[in-house]
Each structure stands twice: as C-alpha cells, then as structure tokens.
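Keeping the supplied structure of chain X fixed, place chains B and A upon it in accordance with the hints.
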Amino acid sequence: MSAIRLSVPATARAGEVIELKALIQHEMESGFRRGSRGEIIPRDIITDFECRYNGETVFRASLFPGVAANPFLTFHTVATESGVLEFRWTDQDGETWSETADITVT
Amino acid sequence: MRARVAAAAALLGACGADAPAPERTDLNPADAVSGYTFLTPETQALQDDDFANPGFLWVDQGRALFASTDGVSASCASCHEAPGLAAAAPTHPKIDAASGDLVNLEGRINLCRARYQDAEPLPYESEALLSLTAYVASLSRGAPMSVVVDGAAQASYAMGRDYFFTRRGQLNLACSQCHDDNWGRKLRGDTISQGHGNGFPAYRLEWQGLGSLHRRFQDCDAGVRAAPLDAGSDTYVALELYLAARSEGLAMETPAVRR
Amino acid sequence: MTTVATPRIDRRALLKTGAGALFISSIPIPASAAPEDMQAAVKETFGDGPIQEGRVALSIPPISENGFSVPIEIEVDSPMTEADHVRRIAVFSPRNPVSTLINFELGPRAGRAHVSTRIRLAGTQAVLVVAEMSDGSLWSGAAETVVTLAACVVL
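Residue numbers (this note's numbering), protein chains in the order written: chain X, 513 to 618; chain B, 30 to 288; chain A, 5 to 159.
For reference, chain X alone in the conformation it holds in the complex (with noise of 0.2 Å):
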C-alpha cells in the first residue's frame, strides 16, 4: 500500500486561485544504485502525475528519476465550481494510486 496526503481547501470562492499539494509514499528506485552484492537495483519509479477538476485535467507532471522519494508535488488552480479533485499517480507498468478530495466554492 501507497500512503497519499493531500492538501485541498475545502472551500473556496469562485475564481480564486488556491493551492494543491499532494505526497505519495513511493521510493522512486532511480535505477542507478546497486545493492549489497554489486547487483543494479532495477528503476521503480512513478511516471506520471494528473490532477483532474470534475474530470477536466488542470496540471500533470511528467516525474523521472531524478524526482526526490515520496515525490512531493505543490501547484495551484482556479477555484471555479464546487465538486471534486482527483490526483492519480500511474508508474512505469501503468499501476496507478489515486485520492479525491471534495471543494465547496461560492
């Protein structure tokens, strides 16, 4: 399992740009370090992040290795409707992980 936090405000009013943050437990195995027996460990990494307004994509993020573990991410949108925020995370092999959070705009 993928810890996922998420900073969402709850509520907004129209056409205010606020702030998202989202953090997923992953350690983004870069594929560049070796393990105790000289052995490369293989690249896990996240590839993909999309944060969706009531469906509609509003920020995606292309991550590789060099992308910190337990990638953190911070961008904004504009406010402009209640409903619901979507982030997804896909890795190399398609698994995806994703959290919503819910927004009240007035």
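Just so you know, these hints were derived from the structure itself, not from any lab.
Keep in mind it's a predicted model, so treat the numbers as computed, not measured.
Note that CB positions come from ideal geometry on N, CA and C, so glycine has one too.
Treat each hint with caution, since some may be false.
One-sided and incomplete, this derived list gives chain A residues near chain B with beta-carbon spacing under 8 Å [what the hints assert, rightly or not]:
| no. | residue |
| --- | --- |
| 1 | Asn70 |
| 2 | Met137 |
| 3 | Thr152 |
Incomplete in silico selection of chain A near chain B, CB under 7 Å [as the list claims (entries may be wrong)]:
| no. | residue |
| --- | --- |
| 4 | Ser63 |
| 5 | Pro65 |
| 6 | Phe72 |
| 7 | Pro75 |
| 8 | Glu77 |
| 9 | Leu153 |
Using the frame of chain X, we list chains B and A on its own:
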C-alpha cells in the same frame, strides 16, 4: 549552541590502536540539544511542515494499522485510546513487568501482538513495525523524554553506557568521542549532533525513508568501521536506554527529519 | 530559501533583490553553461527554438545537506489567461545521469504558474528551468546549489 570550528583532524588523530580510553563523563543535561538544531533551515522547515514532512506518510499508515483487525485477533485500538498512549514513547525503553526484560517501543508492540493479538512479531525495520512505532511515538510529540534507569533497569543502563564509551571499529572511536566531545563541530559537510534519539523513528534524507533508531546505530557502527549489531538486540536496546536517559527532558519530535 | 539566477552573472547583486523577488534579465545563458547531455534533453523537450533568459524564477537552497532531497520552487511570470499562459515547465540537471528531472504541464486553469517539488542532485550544480509559453516562446532561469556529502558515508 556554541560556535565551534572544524576539528575532524584532531578527532581522527587521537584514535590509534593504543589510544587511551575516552573519559566517561556523561553529557550535562543542561547542554542537551536536539539534532534538529544542527539541520539546515530548509530541513528544519521540512520537519516543521505537518503536511510535507514525509515521515507522516508512515504515521498515517501506522494510524490505519492501529485500528485494523487484519491479521490480529483484536486491534491495538480495542485496548488503547490514543490520548492515554501519549505516555508510552517518552518512557521507553522500560522494564516489562511480566518478563523482567528491557523493551523499547518496537519490542512493546511485538509483546502486545504475542500476548493480546494472537499474532506473530513484526520483523524489526519492517514497514508495518516502523509505521506503528512512528504513529505511537507521534502521539507524544512535544512531551519530554523520561526513562527509569534504576532498579531492574540498572544493569541494562550500565551496559548501554559502556557501549557508548567503548572504542570500536577500524577507526577505533567511541560514540562519546563524536557526540559528547565534538558535537557542534564540523565533520566534512556535517555538523556533529549530540546523538539523541528523540525524533525516531525518523525520516532521514540519506535513507530516503523512515527508519528506526537501531538502524541509525547500525549506520554509526558502520561509520567507524565496526560490525553493526542486529536491530532489536539487547545491546542496542540497552544503548537506546542510555541515550534516552542522556536526553532526559528533551521534547519528542517523531517523526523528525534528519540528514 | 534564496532566489538566485545563473552563476554567469553577478549573484551578489541578484541576492540584494531579496528572496522571492522575480528576476528578469535579457542576458542569455552561454551555450557552454551546461554539458551537452542537458542541452540535448532541452532540445528533445522543447525543440530548437531560441531560449531567452528571464520570466522564470527558481528557489533552491544555496547549500543542500543531502542531494537526495532538494526543495525547488518555480514561479513563471505570466498572466495565465486563455490568451497568454505557461504551457510547460521543465527542470534540467547538467550533472545527473538523466538530465530531465521533471516536466510540468499547466494552462490557464492553473491561475498561477507556481510549482514546487523535491529533486535529486548528483553533486553541486546549476539547475536549469525552461518554460514554454502559449505563444511558443521559451524562457529560462538557473540557480546553483552546493550539495554537501554526509560525512559518515564518505569517511
């Protein structure tokens, strides 16, 4: 904090094979400062941010495990209420009354599993044991460390203190030579801390994850080119007790962020 | 954290502008400022178009006590309207084995071109950030950080 300058050469110059045994002078409790003090402002900010501090990923997992009945006959939460549990972390390691053994928080969790949850012990350094330990210790954030070192704990305390002051490894260095005699000074790019365990399990940037105090001991032992002991071994639990007594009064910081 | 720009220009003068201040300059980054691998990665991501320096402000600590986790914060000067916004922001390293570190895609729905993350840096270097605007123009900023090694690892 005293401003002191680099002295790594002086430290390492005094560690030949026939070097004298270090002075066994315990750290003055009035001088005790957390490892937090020696971090860069950016790393301090990461620890202080209850959202971004990655240690909370493990705390969150631990909170879920604490309430879970998966693999156990009863959840931790069915016996313990979180507020009452805040007294646990600052007072461990402590003597387990039933067995007479000294146990740390990890050991206490595994005793609970054996006695009340009909479950196998969780392996030391497993994600599950780290998460549970971090969650329980996080309930004590800000509480002062306070362990009992007399009575039944006295022999363990003496063993831990002995480990702390004994030279070991190819570098022939005792814990005390860095963490009592040279804290605040520079060792290459690092500032030497006093070696307190008040933030463990801690998220170390070097580990890129959360780890136990015993894993930190293993790194220190490896650092002086000594064979590390097993995590959870009696000697490391005894060392943890000595360090906890040495940290008397320091506030718990789990999940701390360290280099 | 401190706002700095490419080490090719007077960093002390820049520091006086204060943390968080946007740095805008017309001085281009010399082609030799970054190794070929990084330049190739920039071209692969954004094509051959000219890159102007400016409109991109990044903050990284002047000293990073561990290269495994270095905070980076990026703000691009843009109104973020339908007509004029930032499309992409990418972070590049001249020293890492993979030059591209992360690539952000945003648009007018972002409201503000301000992102942050934590990156790995294989040693002391000047990190390059390139932003692509909705008109296709490319802008860049750079900042240097000294990565120190943990003593107990290298002893």
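Discussion item. Please list, smallest to largest, the hint numbers that this structure does not respect.
Written reply: As far as the earlier hints go, 2, 4, 8 are violated by this structure, in ascending order.
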